[in-house]
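With the hints as extra help, turn the sequences into a complete structure.
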Amino acid sequence: AYNGLQHLAGCILTKVDEAASLASSLDVIIRHRLRLYYVSNGQRVPEDLHLPNRPYLLHRAFKDLPESSPHRLAGVEPGLMMASAAANVASAGGSQRG
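The sequence shown begins at 1 in our numbering and counts up one residue at a time.
Incorrect hints may appear among the rest.
[Stated by the list, open to error] Each computed DMTMM-like pair below joins lysine to aspartate or glutamate, with the alpha-carbon atoms no more than 20 angstroms apart:
{"id": "1", "residue 1": "K15", "residue 2": "E47"}
{"id": "2", "residue 1": "K63", "residue 2": "D17"}
{"id": "3", "residue 1": "K15", "residue 2": "D64"}
{"id": "4", "residue 1": "K63", "residue 2": "E18"}
[To be verified] Cβ-Cβ distance ranges computed for the label pairs, FRET-style:
{"id": "5", "residue 1": "H7", "residue 2": "D27", "range": "20 to 28 angstroms"}
{"id": "6", "residue 1": "A87", "residue 2": "L49", "range": "38 to 46 angstroms"}
{"id": "7", "residue 1": "Y37", "residue 2": "M82", "range": "29 to 37 angstroms"}
{"id": "8", "residue 1": "Y56", "residue 2": "A90", "range": "30 to 38 angstroms"}
{"id": "9", "residue 1": "V76", "residue 2": "A19", "range": "24 to 32 angstroms"}
{"id": "10", "residue 1": "R31", "residue 2": "A87", "range": "17 to 25 angstroms"}
{"id": "11", "residue 1": "V76", "residue 2": "A23", "range": "14 to 22 angstroms"}
{"id": "12", "residue 1": "G42", "residue 2": "N88", "range": "35 to 43 angstroms"}
{"id": "13", "residue 1": "N88", "residue 2": "A20", "range": "19 to 27 angstroms"}
{"id": "14", "residue 1": "M81", "residue 2": "H7", "range": "27 to 35 angstroms"}
{"id": "15", "residue 1": "G75", "residue 2": "E47", "range": "36 to 44 angstroms"}
The set of hints was computed from the structure by calculation and includes no laboratory data.
All residues carry an ideal CB built from backbone N, CA and C; glycine is no exception.
So this is what it looks like as structure tokens:
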């Protein structure tokens, strides 16, 4: 069973070619200070296993999704998500003071 990140030395980011966005995956890697050893962008191993390329990963993380993508936020959705996140942070901070 999974027992947290205590003894995790690093990670391999797979299915990069199939991911709608890498932002969430990179957030976990950065937040937990994991070492990213390899990136995989295909089915062939070891041919599709590469060392991480920081500019490429950042480009993919911040790249706009096509209008036709079902994963793209539309209209007011980005603002609603940011407002919800801000409200969660504010309520968590308020409960810690009490």
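Against the structure, the hints:
1. A distance of roughly 14 angstroms separates the Cα atoms of K15 and E47; the hinted pair therefore holds under the 20 angstroms criterion.
2. Taking the CA atoms of K63 and D17, the gap is near 13 angstroms; set against the 20 angstroms cutoff, the hint holds.
3. With a CA separation close to 18 angstroms, the supplied pair K15 and D64 stays within the 20 angstroms bound.
4. Taken as a hint, the K63 and E18 pair is honoured in the structure, with Cα atoms around 14 angstroms apart against an allowance of 20 angstroms.
5. At about 21 angstroms, the CB distance of H7 to D27 agrees with the hint of 20 to 28 angstroms.
6. For the pair A87 and L49, the supplied restraint of 38 to 46 angstroms holds, since their beta-carbon distance comes to about 42 angstroms.
7. Checked against the hint of 29 to 37 angstroms, the pair Y37 and M82 passes, with Cβ atoms roughly 33 angstroms apart.
8. Separation of Y56 from A90 is about 36 angstroms and conforms to the stated range, judged on CB atoms against 30 to 38 angstroms.
9. Distance hint check for V76 and A19: the Cβ-Cβ separation is about 25 angstroms, which falls inside the suggested range of 24 to 32 angstroms.
10. Checked against the given bound of 17 to 25 angstroms, the beta carbons of R31 and A87, roughly 21 angstroms apart, stay inside it.
11. At roughly 20 angstroms, the beta carbons of V76 and A23 sit within the given window of 14 to 22 angstroms.
12. Taking the beta carbon of each, G42 and N88 are about 37 angstroms apart, inside 35 to 43 angstroms as hinted.
13. A C-beta distance of roughly 24 angstroms is found between N88 and A20, which places it inside the suggested range of 19 to 27 angstroms.
14. Distance hint check for M81 and H7: the Cβ-Cβ separation is about 33 angstroms, which falls inside the suggested range of 27 to 35 angstroms.
15. The hinted range of 36 to 44 angstroms is satisfied by G75 and E47, whose Cβ atoms lie roughly 42 angstroms apart.
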